[in-house]
Amino acid sequence: MINVLYFRQAFSRAVPTLFSLLALLLTANGLAIAQTTFPTNGVRDERSGLHAFENASIVVSPEQTLEGATLLIRDGKIVGVGKGLAIPADAVRHDCSGQYLYPSFLDLFSQYGVANKQPYERASRQEALDSERPGAWAWNEALLPEFDAATAFEGDDKAAEAMRAAGFGAVLTHRRDGIARGTGAVVLLRGKGQEHGSLVRERAAAFYSFRKGSSTQEYPGSLMGAIALLRQTYLDGKWYARQTLPRKEVNLSLEAWNNTQTLPAFFEAGDHYSALRAAIMGKEFGVAYTFLGDGTEYRSLNDLKAVGSAFVLPLNFPAPYKVSDPLDANMVSYPELLHWEWAPANAALLSQAGIPIALTTNGLENPGMFREALKKAMDHGLSEKAALAALTTEPARLAGVSAELGTLEAGKRANFLRCSGPLWDKETHVLENWVGGERYGMEWAEASDYRGKYALELNGKRYALEIGGNLHGPDFTVKRDSALLPSEGKQDRDRLTLSFEDQEAHYRLSGWWMEGTLSGLGQDQRGNWFNWTATRTAAFEPKPDTAAKKDEKRLMDPAALPRPFQAYGGTSAPAQESVLFRNATVWTNGKDGVLEGADVLIKNGKISKVGRSINAGDARVVDATGKHLTAGIIDEHSHIAISRGVNEGTQASTAEVRIGDVIDPSDVDIYRQLSGGVVASQLLHGSANPIGGQSALIKLRWGASAEQMKIEGADGFIKFALGENVKQSNWGDNSTVRFPQTRMGVEQVFVDHFTRAREYGRRKAAGDPTLRPDLDLEALLEILEKKRFITCHSYVQSEINMLMKVAEQFGFRINTFTHILEGYKVADKMKAHGVGASTFSDWWAYKYEVIDAIPHNAALLHKMGVVTAINSDDAEMGRRLNQEAAKAVKYGGVSEEEALKMVTLNPAILLHLDDQMGSIETGKEASIVLWTDHPLSVYARAEQTWIDGRLYFSLDKDTEARKTLAAERNRIMLRMMDKAAEGGPTREPEAEHEHNYHCDDLEDEGR
Amino acid sequence: MNKLTTTLLIALLLLIGLTGSPVQGQQSPSPKGSFLLLGAVAHLGNGQVIENSAIGVRDGRFTLVADATVIRINPAEYDTVITGTGQHVYPGFIAAVSGLGLIEIGAVRATNDASEVGDYNPHIRSSIAFNTDSKVLPTLRNNGILIAQVIPSGGTISGFSSVVHLNGWNWEDALMAEDDALHLHWQQLLSREGWWVENARLESNEKYHTNTDKLYAFFEEARAYAQNPSPAPVNLRFEAMKGIFDGSKKVFIRCYEAKEIAEAVRFGEAFGLDYVLVDAGQAWQVTDLLKQYDVPVILEQTHRLPPYGHSDVDQPFKTPALLKAAGVRFGLSVGSGWDAFWQTRNLSYHAGQAVPFGLDPEVAVASITGNLAEILGLEARCGTLTSGLEATFLLSEGDVLDMRTSRITHAWIQGQAVDLDDHQRVLYRRYMSKYGLE
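Protein chains in written order, with this note's numbering: chain A, 2 to 1008; chain B, 88 to 525.
It is possible that some hints are incorrect.
As a list, the in silico BS3-like pairs of lysine-lysine whose alpha-carbon atoms are at most 25 Å apart [stated by the list, open to error]: (1) A:Lys-592 with A:Lys-610; (2) A:Lys-386 with A:Lys-84; (3) B:Lys-222 with A:Lys-323; (4) A:Lys-491 with A:Lys-454; (5) A:Lys-830 with A:Lys-864; (6) A:Lys-711 with A:Lys-806; (7) B:Lys-521 with A:Lys-864; (8) A:Lys-964 with B:Lys-294; (9) B:Lys-346 with A:Lys-323; (10) A:Lys-592 with A:Lys-832; (11) A:Lys-958 with B:Lys-405; (12) B:Lys-521 with A:Lys-832; (13) B:Lys-405 with A:Lys-830; (14) A:Lys-284 with A:Lys-765; (15) A:Lys-554 with A:Lys-980; (16) A:Lys-848 with B:Lys-119; (17) A:Lys-323 with A:Lys-306; (18) A:Lys-787 with A:Lys-830; (19) A:Lys-787 with A:Lys-765; (20) B:Lys-222 with A:Lys-806; (21) A:Lys-249 with A:Lys-765; (22) A:Lys-788 with A:Lys-832; (23) B:Lys-294 with B:Lys-346.
Since the hints were derived computationally from the structure, they do not count as laboratory data.
Just chain A, same shape as in the assembly (with noise of 0.2 Å):
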């Protein structure tokens, strides 16, 4: 293993010679390789660079060492390597007995000698709708397909050097800068005034994020809007390409979009579940990108595998938190304590799984720190293999430079690093790192060893003097008569100095090490010069390194992951289960109605049978008598489990942006509504804009990925929206300009765009081959096509009449009015048009176009004909909706029955999800609830939350999680103190505070 500390303090010795070694490189060897197209001033300086390094122990890749072997290199090129290689008469002969050759390293995320771009300067403080960038450029500022970092590329020295002295020769530079960012460049660390010798390969990758960065525009202002942005990108690159002469338009970053697909892609898409986002994205246009990780990636294990991508991993491992004050450390996050245990495991459990890693210095504070962070991910089982693989043929490959670096292999560039033995022992020094031919000192490579025990006799007292230690650093201590006098030595490569006092006696020594002997000059207390020498007496001999601490492996087991990682996760997927429940009172929603002392029993994920009597069979029996057993509750309307933003909401129209791109299973509030018998929900795009995204159905299933979680075959949904904050009313001053900003100009939203959508939809169909996709069209086309369908915000009725006018103008139907606040005021027309309400129960006040609101808007619609169900929009809400169900025979007297299917089956219709879920009948899902009261009594807990027949929730699972997590959470903490008390960094404890969303969330969550 390496000796971090002992690099380190290498490293600060090194400096001063570094410096002046850097100042001859550059004046004397840096002429070797010179622009060739450049004029000289002067007598021209041309050199050969070549060099042989002989009796190495040269690591020509992970795969492959070569003993006692010779590295030839000639005009920054390798040009031999192996045994018994004949050496040109005027190579440069290096001795490297007992050292050992490394290829160096190569960073893959890097911003190594790229400016920042400035961000646009706006004028106007309004909604910035368009592009501030002048010229033929792509229409949002965040696509920057045609920045080339090659050609903003400057060598910057510091950088260098600090990268060198990690052990990097070369790195992939880009510009971090929005969501098509350009292509980036392999760049060897030369420094400032070295370009032309620096680069490796321009235009080596192509970069992309999910970040808009520097961009003044509003679009997107979410995860999912960037998702469809480079989605429709894709579709464009494509459509660009069939255009044909002459072109309508001309779109310069699209022409460079086009050129770069050929290239690797790396993308920076932020955590592991985005990482899986890109990846399926990018398996829909036929690209796999490399993912520049951020270290959560442990925690998609299984997920990233199976989408095959690489990873270029950072090794910014969390300092333990300062958890001495109980209630400070209480409010950390679960998952962040967590993540101090894991994520030094992150490269070793993706390596392990088989999934490609490069490692990075990218997330360190400074490259200086990754030698050590290396050393604790390889604590954490990254093997030795992997980790050089990492760090060379895989970063490499990835970057597709493996003809040039990545191994010690003719015809490569020479990238090496020369060190005193094996890369990973403790003891071992990194001498000297060579980038292209050129040596970059970083300790005395071929040092003379003078360590040992020496006699000295000053004024006819004789001194033991023991020069000991590390070779490169070594240790002074001086005896008389075995008593150790206080004294202090220091060695500068051949000469040393030496200083101790014997009693009055006090002789300061400077000397040197001239062929085997040590002498010198030396000065007493009174100030009489006098000269010395020392005798070697005693060969060195290293001691046995007692102090060092036993290396702490620590290996983690991904089994034990919890899933999701989060507080209340569990390590295994709840078994489906056939169990019968024995004499409820059960809620069938069908025609047998409410069962008194009734039996049901599930299998295979359905409900088997729901009668009196029923043989158990070899089910499970729940003794539910005194209880109360529901189809589970479906949240029409939920923002829950939900990433980086709930709106997009900057255009008019974002009906090409989905939420179910951004599902986030690892969103507490799934487990918190399971407690409160929630087993469905649609997951809804905000209300900023009329034309909003695309929903998403899942299952709440705790722990799945959220691919998994997505309820298979629902229909597709979209949302709409009308009124106030489509006109942006209670949105300030800024918002004055987009269109619309009235009810009026609501309608002709909508009339424009399924005027287009059905004219493209007639062009798509004619197969016009200069059709170009859009997404947005395509999705509201299907909504032409009755193949998706409408949630649509409302609250007032003049819009919601005029909305299904539109819709009867087109041809479909609108199908559920959700919040629907005056529903009950065109109760009438909606029956006729067959739309169904999905509404509050009492919410009203909170605006103006709530005014009229009343609680008896459901019962109304309800007796009314209007399929109508309750919805939350809400995480607090969402959790209790069975309550709110029953306002609605407070409000307006209907049945009981008849209100808890407002939370049930009538949400299930709304859905299209009526065949499988929202009641208890035979065949259907047994995504149930058992009850410990009246259902729609505030009394009322769900005792168990079942989906498909596995058990997500109960009171007895619930109290057992409670159990595991106090005590990991305490386990963690005691670790956490342990590493305190041992003096290493810490970090003060912080909350998270967490984000529940509604429909009117507004902020740009996009950058």
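Following the hints, position chain B against chain A.
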């Protein structure tokens, strides 16, 4: 329509006859006359129940609250007798720390009078802005909320609240306790960094000590000022605060985390204040402290999410029971947050929510009636069904803690029958009629 309801309706009509116009139930000058409510289950608001009660009201006050099975009653002494068999009678619910009557429509700035400019506003008085004609009030009255403490909510020191009943012609008329308490927001120890992003971090509030020291200094100056019988110059802020140092006015301190609670207690004790903690979501962690200093707490909203991902999923539901078990005096409120003024009609369900998580149902009732009256210092006027107190109470067909059964049929404020109609019911009837529905 069943017989009982008919009887009640007649009784109501009689009462209305006695008291004049029923328009939105606003109250005429002091009620005269008497009535007797017989046979209802009486939830006294102090934790006790009388299964078969006799409740007498005369000239606006309870003259009799007793077990009908053990005392002799002479119905002839009363102008009217109401039969309440099978029904439930409760003291009127109190909306403590509420923005009621100060906000009409959340998003419409012109209707928002809850929050004044400035950080230290002890001179601000909510009473004069209380809108007795708010369309929101009737929707609360018919859910049993008959009294409110109306609080200003801006800045660090928001100003003085007043307690009103919800049946006034104007604010003067509605006042029960004018300028009863000063409201202040304790500094948060953690401030939110980047609140706009998903899972924003809460970081240590660097200004905590600066701001808290400033608050201490302000109170010290105010206390010194109060010693001078004729101060010059006159400072309206300090004038307003005089009452909190002689114990005639209370101080309500809003805080949340355990440390903030401890700091608020230290502050209250340091100035010898008659103080109450508001919100105090994590009070269950520091019940020993609260018990030791006998500090009452007004918890806000059981219908809220737990504070942390690793919190027990039912933490807000069970906090009231934990405080009760520890012997901490507490009440419940829907609070003064953005949606609280209209959500307060669900106050009794917030109380009911605590019951399946361990709170005795009668204590749940007390937490929105008697306990609050005591915390507000009005226990001699309202909050319980007690002879001699103002007859502010209600009658329900079923358990009011449960939305499933809560059907309030009658309410009286200071003996005056309250019109339980509201704008929403009017609309309901109008559209029922439009559609020809029953």
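Do the hints match the structure? See the list:
no., hint, in the structure
1, A:Lys-592 with A:Lys-610, "holds (15 Å)"
2, A:Lys-386 with A:Lys-84, "holds (23 Å)"
3, B:Lys-222 with A:Lys-323, "violated (52 Å)"
4, A:Lys-491 with A:Lys-454, "holds (16 Å)"
5, A:Lys-830 with A:Lys-864, "holds (14 Å)"
6, A:Lys-711 with A:Lys-806, "violated (32 Å)"
7, B:Lys-521 with A:Lys-864, "holds (13 Å)"
8, A:Lys-964 with B:Lys-294, "violated (37 Å)"
9, B:Lys-346 with A:Lys-323, "holds (17 Å)"
10, A:Lys-592 with A:Lys-832, "holds (23 Å)"
11, A:Lys-958 with B:Lys-405, "holds (18 Å)"
12, B:Lys-521 with A:Lys-832, "holds (15 Å)"
13, B:Lys-405 with A:Lys-830, "violated (45 Å)"
14, A:Lys-284 with A:Lys-765, "holds (24 Å)"
15, A:Lys-554 with A:Lys-980, "holds (15 Å)"
16, A:Lys-848 with B:Lys-119, "violated (41 Å)"
17, A:Lys-323 with A:Lys-306, "violated (35 Å)"
18, A:Lys-787 with A:Lys-830, "holds (21 Å)"
19, A:Lys-787 with A:Lys-765, "holds (16 Å)"
20, B:Lys-222 with A:Lys-806, "violated (33 Å)"
21, A:Lys-249 with A:Lys-765, "holds (19 Å)"
22, A:Lys-788 with A:Lys-832, "holds (22 Å)"
23, B:Lys-294 with B:Lys-346, "holds (16 Å)"
Comparing the model with each earlier hint shows violations of hints 3, 6, 8, 13, 16, 17 and 20; every other hint is respected.
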